[in-house]
Structures are given as structure tokens and as C-alpha cells.
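Colleague: Residue numbers (my numbering), protein chains in the order written: chain C, 1 to 405; chain V, 1 to 579.
Read the hints as simulated data drawn from the structure, not as lab findings. Among these hints, one or two may not hold up.
Claimed, not checked - These stretches of chain V come out as covered by chain C in the derived footprint (C-beta under 8 Å, 3 or more residues): (1) 50 to 62; (2) 240 to 253; (3) 425 to 438.
Said to hold, decoys possible - Restraint ranges, calculated between C-beta atoms of paired labels, are given here: (4) V:60 to C:392: 20 to 30 Å; (5) V:334 to C:23: 57 to 67 Å; (6) V:54 to C:377: 40 to 50 Å; (7) C:244 to V:282: 31 to 41 Å; (8) V:334 to C:38: 53 to 63 Å; (9) V:363 to C:41: 23 to 33 Å.
As the structure is a prediction and not an experimental result, all values here were calculated from the model. Here a beta-carbon is modelled for each residue, glycine too, at the ideal position from N, C-alpha and C.
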Amino acid sequence: MIRQIMTSLAALALAAPLAAQEVVPDPTDWEGVTGAAEGQTVYWHAWGGSNATNDYIAWAGDQVEARYGVTVEHVKLKDTSDAVSRVIAEKSAGKDAGGAVDLIWINGENFAAMKEQGLLFGPWAEDLPNWQFVDVEGKPAVTSDFTVPTEGLEAPWGMAQIIFYHDTARLAEPPRSIPALLDWARDNPGRFAYPQPPDFVGSTFLKQAVMELTPDPSVLTEPVSEASYEAATAPLWAYLDALTPHLWRSGAAYPQSGPRLIQLMNDGEIDLALSFNPNEPSNAIANFELPETVRSYVLDGGTIGNASFVAIPYNANAKEGALVLANFLMSPEAQAHKSDPAVWGNGTVLALDQLSEEDRATFEAIELGVATLAPDELGDALPEPHPSWMVRLEQDWTARYGVGQ
Amino acid sequence: MRAAASTIAPARRARRARFLPWAPLLTLGVMLGPVLAGLLGTLAPALGYMPALGGIGVSVAPFEQLFAWPGLPRAVALSLGVGLAATAVSLVIVVLICAGWAGTRTFGMIERLLSPLLSVPHAAAAFGLAFLIAPSGWIVRGLSPWGTGWEQPPDLLILQDPAGLSLIFGLVTKEVPFLLLMTLAALSQARPAQSLRMAQALGYARVTGWLKTVFPLVYRQIRLPVYAVLAFSMSVVDVAIILGPNTPPTLAVQVVRWMNDPDLALRFQAAAGAVLQLGLVVAGLGLWRLMEMTVAGLGRRWIASGARGHRDVDQGIRRLALALGATAAVAVIAGLAGQVVWSFAGMWQFPDLLPDGFTLRNWARHGPRLAGPMAETLIIAATATGLALLLTLACLEAEHRYGLRPATRALWLLYLPLIVPQVAFLAGFQTLSISAGVAGGRLAVTLAHLVFVLPYVFLALADPWRAWDRRQDIIARALGAGPDRVLWAVRLPMLLRPVLTAAAVGFAVSVGQYLPTLLVGAGRVPTLTTEAVALASGGDRRVIGVYALAQMAAAFAPFALAVLLPRLMWRNRKGLLNG
Numbered sequence: 001m002i003r004q005i006m007t008s009l010a011a012l013a014l015a016a017p018l019a020a021q022e023v024v025p026d027p028t029d030w031e032g033v034t035g036a037a038e039g040q041t042v043y044w045h046a047w048g049g050s051n052a053t054n055d056y057i058a059w060a061g062d063q064v065e066a067r068y069g070v071t072v073e074h075v076k077l078k079d080t081s082d083a084v085s086r087v088i089a090e091k092s093a094g095k096d097a098g099g100a101v102d103l104i105w106i107n108g109e110n111f112a113a114m115k116e117q118g119l120l121f122g123p124w125a126e127d128l129p130n131w132q133f134v135d136v137e138g139k140p141a142v143t144s145d146f147t148v149p150t151e152g153l154e155a156p157w158g159m160a161q162i163i164f165y166h167d168t169a170r171l172a173e174p175p176r177s178i179p180a181l182l183d184w185a186r187d188n189p190g191r192f193a194y195p196q197p198p199d200f201v202g203s204t205f206l207k208q209a210v211m212e213l214t215p216d217p218s219v220l221t222e223p224v225s226e227a228s229y230e231a232a233t234a235p236l237w238a239y240l241d242a243l244t245p246h247l248w249r250s251g252a253a254y255p256q257s258g259p260r261l262i263q264l265m266n267d268g269e270i271d272l273a274l275s276f277n278p279n280e281p282s283n284a285i286a287n288f289e290l291p292e293t294v295r296s297y298v299l300d301g302g303t304i305g306n307a308s309f310v311a312i313p314y315n316a317n318a319k320e321g322a323l324v325l326a327n328f329l330m331s332p333e334a335q336a337h338k339s340d341p342a343v344w345g346n347g348t349v350l351a352l353d354q355l356s357e358e359d360r361a362t363f364e365a366i367e368l369g370v371a372t373l374a375p376d377e378l379g380d381a382l383p384e385p386h387p388s389w390m391v392r393l394e395q396d397w398t399a400r401y402g403v404g405q
Numbered sequence: 001m002r003a004a005a006s007t008i009a010p011a012r013r014a015r016r017a018r019f020l021p022w023a024p025l026l027t028l029g030v031m032l033g034p035v036l037a038g039l040l041g042t043l044a045p046a047l048g049y050m051p052a053l054g055g056i057g058v059s060v061a062p063f064e065q066l067f068a069w070p071g072l073p074r075a076v077a078l079s080l081g082v083g084l085a086a087t088a089v090s091l092v093i094v095v096l097i098c099a100g101w102a103g104t105r106t107f108g109m110i111e112r113l114l115s116p117l118l119s120v121p122h123a124a125a126a127f128g129l130a131f132l133i134a135p136s137g138w139i140v141r142g143l144s145p146w147g148t149g150w151e152q153p154p155d156l157l158i159l160q161d162p163a164g165l166s167l168i169f170g171l172v173t174k175e176v177p178f179l180l181l182m183t184l185a186a187l188s189q190a191r192p193a194q195s196l197r198m199a200q201a202l203g204y205a206r207v208t209g210w211l212k213t214v215f216p217l218v219y220r221q222i223r224l225p226v227y228a229v230l231a232f233s234m235s236v237v238d239v240a241i242i243l244g245p246n247t248p249p250t251l252a253v254q255v256v257r258w259m260n261d262p263d264l265a266l267r268f269q270a271a272a273g274a275v276l277q278l279g280l281v282v283a284g285l286g287l288w289r290l291m292e293m294t295v296a297g298l299g300r301r302w303i304a305s306g307a308r309g310h311r312d313v314d315q316g317i318r319r320l321a322l323a324l325g326a327t328a329a330v331a332v333i334a335g336l337a338g339q340v341v342w343s344f345a346g347m348w349q350f351p352d353l354l355p356d357g358f359t360l361r362n363w364a365r366h367g368p369r370l371a372g373p374m375a376e377t378l379i380i381a382a383t384a385t386g387l388a389l390l391l392t393l394a395c396l397e398a399e400h401r402y403g404l405r406p407a408t409r410a411l412w413l414l415y416l417p418l419i420v421p422q423v424a425f426l427a428g429f430q431t432l433s434i435s436a437g438v439a440g441g442r443l444a445v446t447l448a449h450l451v452f453v454l455p456y457v458f459l460a461l462a463d464p465w466r467a468w469d470r471r472q473d474i475i476a477r478a479l480g481a482g483p484d485r486v487l488w489a490v491r492l493p494m495l496l497r498p499v500l501t502a503a504a505v506g507f508a509v510s511v512g513q514y515l516p517t518l519l520v521g522a523g524r525v526p527t528l529t530t531e532a533v534a535l536a537s538g539g540d541r542r543v544i545g546v547y548a549l550a551q552m553a554a555a556f557a558p559f560a561l562a563v564l565l566p567r568l569m570w571r572n573r574k575g576l577l578n579g
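Put together the whole structure using the sequences plus the hints.
Modeller: As C-alpha cells, this is what we get:
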């Protein structure tokens, strides 16, 4: 109760400068929110590069329209930063209300940056009715986005975890640790590639490697310090110096994105790749993008996982509608639909033991894709390092391998 | 009668006079706001000023960070090298093709090929080329394993090579058709047939004669398009990401990477990079100008020498030019064919020359979704091109009638959008459109497109328009036609080809706009290109193929009209062709 009052007060304080122009929605008054949301159009800026994702977003929009009278328009982006740019431009122009972006699919560095610059509305996420089902204890990533506390400024709507995939027709026994990967690459030069950092899959590969190689992984959860950085990353650079000559194109060129790895695998240019979506190989097989012999796995020591979120910019035009949509995305029904590999196959953020019998049964009835690991095979995801590590790793990687020296 | 006419005429002139003399100023006025806002939006953050991100002082820190980036020297050298090489190679191919083949039956075939080549969007052509020349690409598939023995693709660095050769190749395949189109428009004012006949009568070999008599006249008219090709090749992003090197990439690509980085502090560095890119393009243009003067000096000496050229060498050059041009054309067409096949492909792996199966699934899934974006694309492109054409013609006609040279000279400002990297330029542009309250609709997007369409229309039309023989004006006026009648009945029909060409180029530029559409339209105006770029980020070649074909369809009709319509209309008016 006290917490709720505090968050409401905080919301009021934050929103005070805008109060003259608009009524700030109060997520604790849910009926008020749904009432105000009716008839609104929510412009949801979300990456639009996947049929599965786009179809799911269209489905969610239809549901919210039918139930709450909220229209959802998917603004398909190639990059989340385009939406961030939009909000920055609006702030620059003094447009502090009636903004063009109502909801952003976001996480990690983009969230950290928007939070730090005060570009987000909230807190609101933990006051939504469906927050009660979220697995806060079992999945720490839902409140700690790359170790940055979400503080109710964004609502989780999916889980992701690094998986490796390989074509069993060409590679039967893939390497199951970062050191084993080097040995395998030595024997099979040119058959592994990771996307060029700062692409997020490429950067995550660096983080995965540093976690396995560093003498004391606990320093990674703290902001990077000069004292710890050198010692923590020296094994990584030694490793990459050894690995790079055996990479695809000997490291003289890098794939520019995660999806490009699918193409390279299908073209037979590489035998081993990685993805941040455990269901991506299955989706790609269903789409004729990969052969049916592709399978996925995680490294023996576990792999990095994180959550995806939706956030509302501080000047969003249809905040109530955005809240209704965000709440629907966390509902057992929406989450179960999303987990279905035939739809998307994205991991749920909910705690199954907190759901009703009926909802739990829906989840348990879902059949996994042919190249998708079951939750127990995926294992517990390793937490992301603090975002400051990623920044430093990306800078150093670029200086060492990204400028042709 | 006579009295009535003379009372009407001054009134009419007076009404005209209200618009035309002001046209250059009006054009500048319409464009200056966005251009200056874009420039400010680039300069201010480059100097550390961007209150929305907490930058409120003025400092050189962004430039210091930029110069501390270890990849800078190579990125700068790469941008400059790729730009100059792609432009020079394209120009040489185009000039030699025209010198060797203009007026022949072969040249007619080349002309007919132009519109499909031009209407392929740059990014689609790059994707097509990438699939063609990659070690796992179509060419190697055709030869494997029977010819090469490769069961799996070799680990060869063809795409993304550090010297940027594939990038240059990709740019040349698209710039050759563009420059050829511009040259065709210019040729109609240069009377090439007469000059060539004269030269050949004096014993000059064909290519030599053309280069000595026609080329100097034509180059003067296509100089601006050549500059545009140079600026474009130096600052292109989408093609460079697909075909260009990335350790490091060209400067323009790196600026985009910084701009898209989640670390918002990098946007200051990105802005500084954009300013450097602007300086780089200006330097590139300066270098080109120096090369122009050198070539002109050598050329004059060569012409004065009276060398007639050897017939055998001449034949060799003709064949070489045709072979080079054909290579460029085949690369685009085969790349496009690859996209068509991919759009119907089921499973398709190396080293199969064709997919295991064909499916209509991709078209069934995406086809119905193309209608809305297609209509939006065509409406915006038609409006923006129409406005650009109107302003350009008004400016040029005002210059002709009132001698407003100084005002039109200030129009060089219009070219700024072509040489400043879009991603940085648009930040300020977007802020302006939001402040002005015009953001988020079709109108705002159309106006934003106008900023990028107008320079192309202007540069495509200005020189052919100015090259028109003024004696025709004098004769027509002597026969009693007023300036308006001369414009509508003589000048526009004679200049139909450059006008339609300019319109087609403008239309294609509008169709291809991604960032302006997304940023100024607030994502609420979905066009083929915004959909295509978002979907292409998923890397499925089938989807990329579907959208590439749709984009091509949108740009095709205007190019086809520009090539075919003048022929039809001039069939019985051959005299209009060569003045």
C-alpha cells in the first residue's frame, strides 16, 4: 500500500510539468485507464524484420481492438534507435505531449539510455493487473534489464537466451564451451562467424566469452572500473587473438547482423552460428530458411539470457492505450500464444505456478519446434553483465579487430 | 481585335510577372528552411550543443573523439577512393559507349534496357549482386561442384573486401545507367550526328571524332549529374553496408552506426563525423574539378594535334566499351533474376543452381499487404516530383526571361541535401518539422521528399535547359509568339526528353527514400521502402525479393515513359530532336 502511494506520488512528481496539458494516467485506477483508452490509437514502434513477430503483433492488436476498443498500429522499424531518435527530436522541438511514439519494444542499452535521459513515462509496469503473474523471483531479468533496475518504467513481454545452432548433416558434435569452440575452429577454419560488434548478437558473444574466461565473473555485475577491467578481459583478448585467424574470412570481414548468420548457414558458408532467440532455428526451418537437419544447444556452463520489454515515452500521445496493450501482452493468453512455436516460440515472462489450472494447461500443451530446446534443456540463463562492460568491450573490440589492424 | 489583344497581353504579362521572377526566391524559401535546419541539426551537436541530450555548451570534444577513433584514416581514404573510382569508371564506360555506338541499332537496344536497369532500387541491386558474386553465390553454384570441385563454398573474401572493389562494382552497375540517361538527355541538345559526320568526313575515326567534337559539349551538360554521382558514391550507406568492407567501413556507414548506437553520447561523435563527411565530399568534388581541368588541358592538346585515331584501336575501344557496359547490365539483370527466383523459392542450398521447390507462399503472404504502401508510395512520389518539376521549370524560365542568374546561382544551396549524410542531416530536419507542427502526415512526408527530389530534378534539367539554342526563341518571337507560347509550343516539346528524364529520376528518388519517410512521417506513412527496409532487416531473401520487385514496379513506369514517349511524340517531328 505504502509502495503504491509512493509510486503514485513519484508519478505525480514526474508528471507535474505536463499536468497543465494532460491528465496523467494512473495505472492503479485500472477502470479509469481502460475507459480513457477506448478509442485511442497506439503507435507501437517495434522491430519489423520477422514474419513471426509481425504476425504476432498484428494478432495482439486485433485482440486489444476487440476487447478494449484500442487500435494498434505497428510501426515497423529496422532498428530501435529510430524510435529513440524520434523521441529525442520531439524533446528537442519542445513537443512534450502528443508525441508520435506510444510504445517501444526495447531493452538493454536503449532502455538504459532513455532512462538516464529521462525520456520514459512511469513508473507503471508493476501496477498493471497482470503483473501478478510475472515471475519476478524465478526470472530476475524481468526487473533488472542488463543489471539496470527497471523500476516500473518498462514491462517485460518475452525472454531471450543465447543458443548455438549447427547443421547436424555437416557437424554432428558441436563444441560445448568457449575454449572447446577455439579447438574446433582450429580444426575447421573459416566455419564459424559471429556478427560484428556492436551488433547485439556479436556483443553478446563477447560477453558470453568473457564470462567463461574471466578469473572472477562476479566483477562483471558491477559497473566497469579501470582496476578490474584489465585483469578481467585479458583472457578474452588472448582468446580472440587465437580465434580470429580461424574465423569465417579469417576475421577480415564480419556478418553485419544476426539474421545474416542464417543465410550463411543455409549457403553452407559456416557450420556453427548463434542466436538470441531459442526458437529462431525452428522458425527458419518452417520458413525454408534452414534445412530440417539444423539443431540448437546451449553451452555446458549455461548461456546469457535477458528479457525484452515495452516502454512508454514520456510524451506519448496514447498512454492509456499503451498501458492496456502492455498489460494484455503480459496476460497468460497472450504469453501462451507467443510461446507457441507455430506462432513465434518466444519464452514467457510468467511464473507458471502462479497461473490458473486452465492457463497452465495451455502452456503445457504447447509443442516445441523441432530445433527448439525445452526449458530444462535451456537451463537457467546467466545474467547479463552491467551495460558499461558492453560499451568498453565494444570499443576495445573495434580498436583491435574492427579497423583492420 | 488587335486592340483587344494588346490590352489583354500586358495584363497577362503582369500576372505572370508576379510569379516567375519570384520563382527562384520562392524555391529557395521553400527549401532553405529544411536545408538550414538540417545543417544546423548536424553542426550544433557536432559542436556539442544538443539540449535534449544534455549538451548545452559549445566544445570541440565530439571532434576530438572522432579523431581518436582508430579507423578514421582508413574510413576516410576508403570513402574518397570508392567515390572517385566509381564515378570515374562509370563516366568512362558511359562516354565510350556513346562515342562508339550512339546512333546505331545497338544503341537503340541499350536505350530500351535503360528503364528496367534504372528502376531497380540501389539496395535491391546490391542484394542481387551480393548473391551473384559471393563464394556461395549463383555464379559459383553454376560451376559447382562439376567445374570447381567445391562441395562447400570456399572461404574467399569477395564481398566486403577491404579495398572496396565489390562496392565500386556495385555502384558502377547502378551509376552507368543513370549517367547514360543523363547523357541521352544532353545529347538531344548537342547535335551529335552533325558533328560526328563532319569529323568522319575529315578522316577521324568514330570514337576519336566523337570524343573530340561531341564530348566537350555533352560533358558541360552532364557535369552536375556527374558531381551528384560522386557525392552519392562517397556517402551511400545501404549499398556500402551490403557490399562494402566493414573493418572499418566507409565514413558514411560509420556515422550511421554511431547514430544508431544505443549509447546516445555517440550521437555527438556521429554529428562530427557527418560534418567531416560533408568536408570530404567537398574535397572530393574539388579533386574531381582538378582532374577535370587536367583532362581538359590534355584533351585540348590532343584535339589540336589533329590525330585522326586508328581504325583498329577504335574498333577495340568500341567492343571494350560494349563489353564493360554489358557486364554492368548483366550484373543488375542477373541479380534481379536471382531475387525473382528467391521470391518463389522453397528450400534452396549450396550448390544447387535452383531451389528444391517453388512456392507462392511469400507472394500470398506479402502480396495483399503491398497495395496500401504501393498507393502511398505513388501518391507521394507523384506529388513531390510534380512540385519539384514546377519549381525547377519556373526557376529556369525566370532565369531565361529575366536574366536572374544571381538568384539561381544561390540555388547551389539546394544541393546540400545530396552531400550531407542523411542520417545526421535529418535529425535537425525532423526537429524543424515537429516544431512547425507539420510532422506525421502524408503532406509532411511529401515536403520532406521534395527536399531530396528537387536537387536531382534541378541538376537533371538545368544544363539541358540552358543549352537550348536561344535563336529559336528569337525566331519564334519574331513570328509573333509571346514568351508563354514559346515555352509551351516550342521549348517544352523540344526539351520533352530532359523534362521527362528529370521527372523519372525525381520519382525514383522519392520511391527510394527511407529515413525521411520514417522520421518525418513519424512512422505513420508506410511506403514500400519503409516496409522493405524493416522486413529486410530479418535477412529473408524471399521477402527481400518480393519487396524489391514491388519497388522496381513503382519506379519503372516513369523511366519507361522518359525513354519511349519522346520517340513516339517525335516520330513525325524529327526536327525537334536535334534543334
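Colleague: Verify the CB-CB distance for residue 60 (chain V) and residue 392 (chain C) against the hinted window 20 to 30 Å.
Modeller: Given a distance of about 24 Å, which is inside 20 to 30 Å, the answer is holds.
Colleague: Do residue 363 (chain V) and residue 41 (chain C) keep their Cβ atoms within the hinted range of 23 to 33 Å?
Modeller: holds (30 Å)
Colleague: Take the segment 240 to 253 of chain V, compare each residue's beta carbon with every beta carbon of chain C, and decide whether three or more fall closer than 8 Å.
Modeller: holds (count 5)
Colleague: Can you tell me if the segment 425 to 438 of chain V counts as covered by chain C, using C-beta to C-beta distances under 8 Å and a minimum of three residues?
Modeller: holds (count 6)
Colleague: Against the range 57 to 67 Å, how does the distance between the Cβ atoms of residue 334 (chain V) and residue 23 (chain C) compare: consistent or not?
Modeller: Since the Cβ atoms of residue 334 (chain V) and residue 23 (chain C) sit about 60 Å apart, the hinted range of 57 to 67 Å holds.
Colleague: If you check the beta carbons of residue 244 (chain C) and residue 282 (chain V), does the distance land in 31 to 41 Å?
Modeller: holds (37 Å)
Colleague: Please test the hint of 40 to 50 Å on the beta carbon pair from residue 54 (chain V) and residue 377 (chain C).
Modeller: holds (45 Å)
Colleague: Given that the segment 50 to 62 of chain V was listed as covered by chain C, double-check it with a C-beta distance under 8 Å for 3 or more residues.
Modeller: holds (count 5)
Colleague: Starting from the hint 53 to 63 Å, judge whether the C-beta atoms of residue 334 (chain V) and residue 38 (chain C) obey it.
Modeller: holds (54 Å)
Consistency note: the structure conflicts with none of the earlier hints.
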